[in-house]
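Work out the full structure: start from the sequences and follow the hints.
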Amino acid sequence: MRRMSFGQATVDATRFAMREDDRVVVLGEDISWGGNFGQFRGLVDEFGHDRVIDMPISEAIIMAVGVGAAVTGLRPVASMSFVEFTLGAMDEIVNQAAKFRYMFGGQVSVPLVLRASDGVLRSSAGQHSSSLEGLFTHLPGLKVVAPSNPADAKGLLRAAIADDDPVVYLENKRITAKRGPVPVGDHVVPLGSAAVRRRGTDLTIVTYSVMALHAEKACSELTGMGIEAELIDLRSLVPLDLDTVLSSVARTGRVVVAHEAWEFGGFGAELVAAITVEVFDRLRAAPVRVGAAQAPIPFSPPLEGAVVPGADEIVAAAREVMGLI
Amino acid sequence: MSLTETMSPGLALSIHRTMVRIRVFESRVEQLFKAGELPGFVHTYIGQEAIAAGVCSALNRDDYITSTHRGHGHAIAKGMELGPIMAELYGKETGACRGRGGSMHVADFSVGMLGANGIVAGGLGIAAGAALSARYRGTRQVAVGFFGDGGINKGTFHEALNFAATHRLGVVFVCENNQYAQFTSRLRTTAVEDLSVRASAYGIPGVTVDGNDPSATYHEALEAVARAREGGGPTLLNMETYRFGGHYVGDAEVYRESAEVEARRWADPIVRWERTLTDEGLMKDGPREAVWAEAAEEVSAAVRFAETSPYPEGGTALEDVFTGATAVPATGRA
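Chains as they are written, first to last, in the working numbering: chain R, 1 to 325; chain L, 326 to 659.
Worth flagging that the hints you see were computed from the coordinates, not collected in a lab. Treat the hints with caution; some may be incorrect.
[Said to hold, decoys possible] A few chain L positions that, by computed beta-carbon distances, are all more than 12 Å from chain R:
(1) Leu-357
(2) Val-517
(3) Ser-525
(4) Ala-551
(5) Tyr-573
(6) Arg-581
(7) Glu-587
(8) Glu-599
(9) Thr-601
(10) Asp-604
(11) Arg-629
[Claimed, not checked] Derived Cβ-Cβ restraints for the label pairs, each shown as a range:
(12) R:Leu-303 - L:Glu-578: 52 to 62 Å
(13) L:Gly-649 - R:Thr-223: 34 to 44 Å
(14) L:Ala-551 - R:Phe-264: 54 to 64 Å
(15) R:Asp-50 - L:Leu-336: 34 to 44 Å
(16) R:Asp-50 - L:Ser-327: 39 to 49 Å
(17) R:Pro-302 - L:Gly-557: 56 to 66 Å
(18) L:Ala-621 - R:Asp-50: 43 to 53 Å
(19) L:Gly-557 - R:Lys-217: 57 to 67 Å
(20) L:Ala-551 - R:Asp-50: 22 to 32 Å
A quick note: this is a predicted structure, and the numbers were derived from the prediction, not measured. Here a beta-carbon is modelled for each residue, glycine too, at the ideal position from N, C-alpha and C.
See below:
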């Protein structure tokens, strides 16, 4: 193990993939400079501009070139910088990358990774603070991962690049600089495997990305109140390790689902629906969701705090599901 | 200059045959659609055959094309068999895309046909990506992105030209200017009269071509393809043509007078080409009729193949959403 930041861990993973397979290329805005959060730092020095390709601020073309290269023999990793910028490439993501394999009768795969930074960081305001995983998970043909720590960041990116299908790799801005232990050498976390971060018997907290860190803090506070929560970090939303979730909820009978994205119509709604349908008779209380309030993310710090959930909201939700509020 | 000085008789006749095959195929598709035999919608290529036939004659089998919603002609010209195309239009399991795609998504990657595309100008960036990939792999393959006078006003057209020009990629952007973007004349939507001038914004050659003359479409494509293959970068070819049919089969065409369409019949690319071949002494009545008869027979065989093929089983509807058997839908209900 070596301590490094989430961002450095993704550089590590990309370097491994590029050394192993010369079909892997990375493309995006500001890529040879290193990326907004250093997620590509140093790659151009080792692999050159033919494999680390600076793209114009033309989101549609970044994705379209990625698709065209992916279906003709390469394995592109396309950086879309902030997740909001993917909206300028929605046709290429939704109508091209996600549908090519199916629409063309399985004659081609689209081994393409779309990387995007999401989430709230220091008053980035409405157009640089969103969490849009719900848009992507809704679409057949896309896989979606959202790691919460440097080790998973490395392992999931390795798996995403090795995967034959388009994978949306979401890296939360607030945790990109956070450091943690990362396995030295190659490290793969298979897509579709959740991690149980903490065992508990009173309730299950299901979450991912930055909210998994808030949930760790919430769990400590809950322990102080005599409540032991089981904490599941999904890591991968599609494919989804629903078995791990269901078996935990079947034991605890209580569940809080938490994400930084908007609660209304969010991925948490799909989780709660699946849990309710599959283990309804094991539930001892109605599931509770934690997510952002239904407003664009505001700029002013007190307003931002009012819209975006954190550890306090998870604690409150846990107490609610325990019948303490 | 006589035709044979610039084009071999064999190629001239081969282009004729391709055009006729497309015309007969599309005419049959119109009939079948009107008879209720085909689900969905179909957009036919009638009147534009000289472009697909001429351009694809300048390509190698392993070169790439990306196509449009009006893609049957490109698919045929790039070398797809008629049977799997027709079966795809019927939604049959034996279709080129196993009935998953239909008319607007006909594709055959084994002949470099990277897909008809229902999104206007959706294929241009994909063509650029294929060209980037070819350069990286060192294969010298060229990519052609077909689009229309509607697509030229999409942001993706500009993004693709800028990117391809910046990297001097081996792409040829072929605008099939058939005068109508869906139901609206391009004169009502586009500021420039000569669409090829758009190339100048990206520092690449732009040429306006008589798109109903196979000699012109072939030779301009040949020059652009050679430049692309040699690392000289992309070209924009504005090929002027006319859409004899509506936007789709069944379109009432209230936006234009039938007299306008009839006034264009003189420029029918097949009529013109046959006249040229006859004048040049390359074709006589008998062989010309044989080409049409052979095409009719081939299309009939394709229809029989499609009609006698099975529909896909409903139980296979979730196949190929992802690659391999391990992938599962989000809820785990495979």
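Glu-599 of chain L: least C-beta distance to chain R exceeds 12 Å? Answer for Glu-599 of chain L: holds, closest chain R Cβ roughly 35 Å.
For Arg-629 of chain L, is the shortest CB-to-CB distance to chain R above 12 Å, so the non-interface label stands? Given a closest Cβ separation of 21 Å, the condition holds.
Starting from the hint 43 to 53 Å, judge whether the C-beta atoms of Ala-621 of chain L and Asp-50 of chain R obey it. holds (50 Å)
Go ahead and decide if the range 52 to 62 Å is satisfied by the Cβ distance of Leu-303 of chain R to Glu-578 of chain L. holds (55 Å)
Least C-beta distance from Glu-587 of chain L to chain R larger than 12 Å: Holds, because the least Cβ-Cβ distance between Glu-587 of chain L and chain R comes to about 37 Å, which exceeds 12 Å.
Go ahead and decide if the range 34 to 44 Å is satisfied by the Cβ distance of Gly-649 of chain L to Thr-223 of chain R. holds (42 Å)
Holds or violated: 57 to 67 Å for the Cβ distance of Gly-557 of chain L and Lys-217 of chain R? Holds, at about 59 Å.
Over 12 Å from every CB of chain R: does Leu-357 of chain L meet that, or does the non-interface label fail? Holds: least Cβ distance 21 Å, greater than 12 Å.
Status of the stated non-contact between Tyr-573 of chain L and chain R (beta carbon gap over 12 Å): At roughly 19 Å from the nearest Cβ of chain R, Tyr-573 of chain L sits farther out than 12 Å, so the non-interface label holds.
Could you see if the CB distance from Ala-551 of chain L to Phe-264 of chain R stays within 54 to 64 Å? This hint holds: roughly 56 Å between Cβ atoms.
Claimed clearance of chain R by Asp-604 of chain L, with the beta carbon kept past 12 Å: The assertion about Asp-604 of chain L holds, with a minimum of 42 Å to chain R.
So Ala-551 of chain L supposedly isn't at the interface. Is its beta-carbon more than 12 Å from every beta-carbon in chain R? holds (21 Å)
Violated hints for the displayed structure: none, as all numbered hints are satisfied.
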